[in-house]
Amino acid sequence: MLRVAGVSRCYPGGTEALREVTLTVRRGGFVALLGPSGCGKSTLLRILAGLDQPSAGRLEWSVGAAPGPGRIGMVFQDPVLLPWADARDNAALPLRLLGRDKRAARAEAEAALGRLGLSAFSGARPRALSGGMKMRVALARALASRPDLLLLDEPFAALDEPTRHRLQDDVKHLQAESGTTVVLVTHSLYEAAFCADTVVVLAPRPGRVVATLPMGPHASRLSPEFQRDVATIAAAFPEVA
Amino acid sequence: MTRYAPALFGLLTLALWQIVVWAWHVPPYLLPGPVAIAGALVSNAGVLLHAALSTLLVTGAALLAASVVGIAMALGVAASPLARAAIQPWAVALQVTPVVAIAPLIIVWVGNPFAALVVCAAIVAFFPVFSNTVAGLEAVPPELLDLFRLYGASRLTVLWRLRLPQAVPMMLAGIRISGGLALVGAVVAEFVAGSGGIASGLAYRILEAGYKLEIPRMFAALVLLAVAGIAINAALGAMARAVTRD
Numbered sequence: 137m138l139r140v141a142g143v144s145r146c147y148p149g150g151t152e153a154l155r156e157v158t159l160t161v162r163r164g165g166f167v168a169l170l171g172p173s174g175c176g177k178s179t180l181l182r183i184l185a186g187l188d189q190p191s192a193g194r195l196e197w198s199v200g201a202a203p204g205p206g207r208i209g210m211v212f213q214d215p216v217l218l219p220w221a222d223a224r225d226n227a228a229l230p231l232r233l234l235g236r237d238k239r240a241a242r243a244e245a246e247a248a249l250g251r252l253g254l255s256a257f258s259g260a261r262p263r264a265l266s267g268g269m270k271m272r273v274a275l276a277r278a279l280a281s282r283p284d285l286l287l288l289d290e291p292f293a294a295l296d297e298p299t300r301h302r303l304q305d306d307v308k309h310l311q312a313e314s315g316t317t318v319v320l321v322t323h324s325l326y327e328a329a330f331c332a333d334t335v336v337v338l339a340p341r342p343g344r345v346v347a348t349l350p351m352g353p354h355a356s357r358l359s360p361e362f363q364r365d366v367a368t369i370a371a372a373f374p375e376v377a
Numbered sequence: 008m009t010r011y012a013p014a015l016f017g018l019l020t021l022a023l024w025q026i027v028v029w030a031w032h033v034p035p036y037l038l039p040g041p042v043a044i045a046g047a048l049v050s051n052a053g054v055l056l057h058a059a060l061s062t063l064l065v066t067g068a069a070l071l072a073a074s075v076v077g078i079a080m081a082l083g084v085a086a087s088p089l090a091r092a093a094i095q096p097w098a099v100a101l102q103v104t105p106v107v108a109i110a111p112l113i114i115v116w117v118g119n120p121f122a123a124l125v126v127c128a129a130i131v132a133f134f135p136v137f138s139n140t141v142a143g144l145e146a147v148p149p150e151l152l153d154l155f156r157l158y159g160a161s162r163l164t165v166l167w168r169l170r171l172p173q174a175v176p177m178m179l180a181g182i183r184i185s186g187g188l189a190l191v192g193a194v195v196a197e198f199v200a201g202s203g204g205i206a207s208g209l210a211y212r213i214l215e216a217g218y219k220l221e222i223p224r225m226f227a228a229l230v231l232l233a234v235a236g237i238a239i240n241a242a243l244g245a246m247a248r249a250v251t252r253d
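Chains A and B, in that order, are what the protein sequence lines are.
The working numbering numbers the first residue of the first sequence as 137 and each following residue consecutively.
The working numbering numbers the first residue of the second sequence as 8 and each following residue consecutively.
Source of the hints: derived by calculation from the structure; they are not laboratory data.
You can trust all of the hints, since none of them are fake.
Residues from chain B shown here face chain A by an in silico Cβ test under 8 Å; the list is partial:
#1 E150
#2 L151
#3 R156
#4 Y158
#5 G159
#6 T164
#7 P172
Beta carbons: idealized from backbone N, C-alpha and C, even for Gly.
For reference, chain A alone in the conformation it holds in the complex:
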């Protein structure tokens, strides 16, 4: 799908967020970018989204050019829903921005909400929804345009543990069903090991790749294989000063 080739990002003022990051994202794959805070993983995600430009290096897309609007979906740590719109209109927002007419956009949004088990709440305003439900609406919004690439920026970090586990399961299932390529930024070893088929471990200041680890498929968070993969990641995880 995409190769990140020697990407560096320096900010004016000299802060070096990323240094020569190279990694491959397979079509239909699930890559977790894992690292402590300050390792530039969110910066890398913004570069993948086209919201930031690398200072050096480049992105090599398998289709030749960077995907157009609507081909990439993104979910942030905060669900950032529009408070004045209900769940359906929030999920329909990308399609409306892409110029789709209101009825078609709403129908697609309803379908996306349905896939996340939110059909009953499509008329609810964000303030009436729980944290987990808001995050589901944000996921439905990112999936509404049926993107080829889904970028998740620590979307579950602020949720309680049972909700987090349920959403991780949902994202895995949705990804397996739709074949969407997913890049997940996280600082949780367990989340990376459970969700991803490839874990890229980054070290901070400057952000750089220290390990690329394949993960086995994990049906359960209790299996010995899962525990082993977590241990493998932990061994590669950089010491944080």
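Starting from the known structure of chain A, fit chain B onto it as the hints suggest.
Here is chain B on its own, set in the frame of chain A:
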């Protein structure tokens, strides 16, 4: 209890005031008691209500003008950094300009007395609605700006579909503050105009009563002014709740 607190506090204060006036035999030209003021209010009801209506008309027109111009200029400032750099300092200059100082000139420039009063009051009312709307337009989570960029939204789309709806609550709060200021501005302008002979609003009646030493009548006009202020504030508050309710 909280619901009746303002009325109870008011009644208590009025009672105390009346007792003081009676007990010390304060002459009405120094401090009229509430009973004398109520009497003046009733016996001058026609003239005073007419004056209050005139002041409220000026206030309403000024608030409308200040809101339309303030919101339009805020949109301009949010849409273009150049417009922002050009407009912002002048908006502050307008805020600190004492309307008392320039009101006589405005009355001469504009000619039409009603329009002149509206211009003066609008100058006083302009700043809160303008600055609150600007702040609301800019208080957008950066992630939402990223999201709109991700789907190729233009600046105009961001302004129309994200910044403007986001700004509505702060805009309404600004209009509410401006409502009170429009009334103050209208009264100040009427004071200046009234001493120039334009007879219309409550301020003119206050001046007139003062000159004639009819202090209870002056206080009656002040009471109407206070009632108008409270009514404007309550009406704008109700409007804000109606617009932003779920």
